[in-house]
Structures are given as C-alpha cells and as structure tokens.
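> Each chain, letter by letter, is given below.
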Amino acid sequence: MRKGAVLGVIGLLGFAVLLEVAPRIGLVPQRYAPPTSRILTTLAEQLGEPRFWLAVVDTIRTWLLGLAIAVALGVVLGVLIGTVPVLRAATASTIEFLRPIPSVALIPLVVVLWGSTITSTLALVVYASFWQVIVQVLYGVADIDPVAQDTARSYRLGRWHRVRYLVWPTALPYIATGVRLAATVALILTITGELVIGSPGLGQEIATARASGAVAAMYALIVVTGLFGVAANVLTRAAERRALHWHPSMRSEAVVA
Amino acid sequence: MTGVLRRTGIALALPVVLVAVWWFASAGSTDFYFPPLRTIVEVFPETWFGPRLVDDVLPSLGRLAVGYLAALVLGVGLGMLIGSNRALRALVEPLLEFLRAVPPPVLVPILVLIAGIGNTMKVLVIISGCLWPVLLNTVEGVRAVDEVLADTCRTYRIRGRLRWWHLVLRSASPQIVTGARQALSVGIILMVISEMFAASSGLGYTVIQFKDGFQIPQMWSGVILLGLLGVLLSVLFRLAEHRVLGWYHGSRAVAKER
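Protein chains in written order, with my numbering: chain A, 110 to 366; chain B, 2 to 259.
It should be emphasised that the hints constitute simulated quantities derived from the structure, not laboratory data. One should not assume that every hint holds.
[To be verified] Derived lysine to any residue pairs resembling SDA-like cross-links, with alpha carbons at most 20 Å apart:
| no. | chain 1 | residue 1 | chain 2 | residue 2 |
| --- | --- | --- | --- | --- |
| 1 | B | LYS257 | A | TYR248 |
| 2 | A | LYS112 | B | LEU89 |
| 3 | B | LYS212 | A | GLY224 |
| 4 | B | LYS257 | A | VAL256 |
Starting from the given sequences, assemble the full structure and let the hints guide the process.
What follows is the structure, encoded as structure tokens:
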C-alpha cells in the first residue's frame, strides 16, 4: 500500500515535470501551455486576491445549495413514488423519458427566464442532479427484503414506522450512492453554468481569463476546479462511510482494507 | 394480453396527461417566453427539417459519433493496459483521479486556444470528457477479472491476443458498458457546450442564436429537439447493450433464480 502511494506521488510529479519541460524546450508553444511553475505562481497570486475568494464562495454556494435541493426533492419524491405501487407504475415511463434529456438543453430556457443569475445556474444544477438521486432512491426502495416487509406487516407497523425502520435503512446505501454521483454532476453543472451563462463564480472567472488572454490564470483556475472535484469525491466517500458504518458492504470493505 | 394493454396504458397515461396539460394550459398564452405548444410544434418542421438538418444537426451528430467512438477505443485500450499492470496502475491512479475530477466543460476554453473553433476542437472536447468514465471503468473491470478464470487461462497456457480478447475484455465488458453509458451522456452535454461556447454552426450554436434573436418558439423547438436526441441516443444505447451484454444479463438472471 505504501509503495503504491509513493508511486502515485511519482506519477503526479512526473506529470507536473512533463508539463514544465514540454513548453520550455519548445515541444508545445508556451502561449497555449504555460509551464507548471508559471501556473503555480499564478495560482499563488490568485490566492491573494479577494476576487478569487468571492468566486470560490459563489461556486461553493451554488453547488451545495443545488445539491441540497436536489437531494431533498429526490429523496422525498423517490420514497413517495417507490412505496406506492400505482405511482411507481404510472411515473416509470416519464422518469425514463425525462432522465436522458441533457441538462444543457435547458440553458437557453433558463437564460431567457432568469438572465445571467445564480438562479439560472441553480435550476440547471437541481435538474441534473435530481435524476441521479431519485433513480437511486427508487432502486433502493425496490430492494426491500420481502421477509422484513412481511415481518413489518405482521407487527402492523404504521406507514411512518415502515418508512423509518424498513424503507430508510434499506434505501440509505443507495441514497449515499445517489448523493455521491449527484455531487459530481452538480459541480460540473455549476461550473458549466457559470462558464456559459456567466453567473458569478469560478466558471465566469475562467471565461474572463480567457477573454483577456490570461492563459496562465485560466490554467490555474482549472486546476482549482479539479481540486474541487477531488474534494467532492473524497468528502462524499467519507460521509458515506460514516453514515453507513453499520452496513455489511462497509464492514466487508473494512476487513479487506 | 389485457395485462400488456394495461401496462402500456399505465406507462402512457402520465406522459399523455402532461403533454395535454402543457398543450391546453399554453393554448391561449400571450406570454412572450411561453408560447403555445401548438406554435412550437408548428415551427418545429420548418426550423429543423430544412437546410439546418444538413448544415447543423447532422454535423453535430457526426462530431459526437467521432469523438465518442475515439474515446471508447482510447479508453478501453489504455484501460486494459493500465488495469493489467499493477505498477503502472499505482503510478497513474492519483493522476487519473485528478484529471477525472476536472469538470470537462472547463477544458473548452483551453482547447479553443489550442485548436481554434473548428471541428477538431469540438471532437477533442468530446474525447476529453468521454475518455475518463470509459478509462476508469475499464481499469476497474480488468482488475476484477475472476481469479479462477485467470488461473484456468494460465493452466491452459492461453496467452497473448487470445487471452486479451476472451478473458480480459470479456470479463471487463459489463464495467466497460457502464462507463460507455456515462460517457454518452457526458458526450451529448459536451457536444452542445462546445457549440454554445465558440462555434459558427451546429445544434447548440443554432439554439443560442434563436435565443439571442428572441425567436422564442424556435428556441423552444431546439430545446425539445435536444431532449429528443438525448432520449433517442439512450434508447439506441440500450439496444446495443442488449446485444453486446446479452450473455451477461442472461447469466445474472440465472444466478438470481438459484
């Protein structure tokens, strides 16, 4: 394991060195691909600018707010639809149809409705991440153990108790997967919205850097969005492990690791 | 027979109701931004089936196809290489985690810089987004090759191309298909974004032109067209998956029954 980590660091460093050397020896033109050292110094300069931090806050706010709305909607509607067979049968085709509609198709629509505001981006983020959550919740609710279900019926558990003690624990691992997928999708759509619609945030900063020919700043901001993406993966995985420490899948994982 | 009828009835009921609600609720609409659905449907054929089909729609789909297929070939090839070599995997894994985490649309400005706003840029954008899901899923699939099968191959001295084709690619294919499915939705998104950001033709560009020119019914028809394309491509994908992975779904169903 330790040897693997060392190799991984070597891989990252190797990539950085490659991007440093290739423009320096003229393999790729410097004006397209600034060397790593220049990207990193620009990044350090950015870290000192209030403008950069405002953009970071805007992006995080849109991202988390959109994700929270999508998760809340997805879980509530998913549990409702999943536990009522008639609703499930009636909505299945509609969900299958609406899900593959690419969220970016809605960009012109949200722009004419709300202009270049955070609301526009938020609408895209919620739309795109909602499907990730609700589909997983529906899978989860469908996965209830028939024996547990019969037991609950024998004990005449009420509707609320069934949801709390039967549906919720069964669906939770699926919800966790849905949240993890949705977090990535929400980040992508947040940045995309900012980039294309021009709502405030890191994406807009990238567009500005491009327009003013600040190539190194553009690369620096892109590195930041990548770090955000890594953080999203790491944090959601950690949260998943915490929320599901009792679940068999996590226990077996712990034994193997 | 009645069961089938009933099920189709239930499946169609809600979509029909929703479209009907939209149709009648918007029928007398004078809101500039929410034209009647009737108007949208009326402008749809003249907007998209004229010269735009050849000039904008088909080139967009062509770029999507080229970029997507290139990403599939590249992703599966590199993924098999990386997945089957432990040292190489340890070397590149953190790097891949980072590259995958970069939201693909931010690469559009870089690629515009490098390749201009022509076809090359758009295809590169699509490849750069579709590659990661395919690559990482292939790596996972190759890693999870069944030990017994691998040992069997070793015992029978099945090596080289035969082993790659019948053992590694076969075992990894369910994972590869999962990656390919994710890549397809990313690909559609990037097709549209690359054209919205910088282009002079294409579906995404045309829809934005309608928006900027306040041709609202045409814009709505473009949004609907993009939605229909998304649905159509996902249906096509499912048909392809059924063919390629028929053996896998069959064996899974049998294993479940036991």
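> For the pair we were handed, LYS112 (chain A) and LEU89 (chain B), check the Cα-Cα distance against 20 Å.
Cα-Cα ~12 Å, so holds.
> Hint check: LYS257 (chain B) vs TYR248 (chain A), CA-CA at most 20 Å. Holds or violated?
Roughly 17 Å separates the two Cα atoms, so the pair holds.
> Is the hinted pair LYS257 (chain B) and VAL256 (chain A) satisfied, with a Cα-Cα distance of at most 20 Å?
Judged against 20 Å, a Cα distance of about 17 Å means the pair holds.
> Against the 20 Å threshold, does the CA-CA distance of LYS212 (chain B) and GLY224 (chain A) hold or violate the hint?
The hint holds at about 11 Å.
No hint from the list above goes unmet by this structure.
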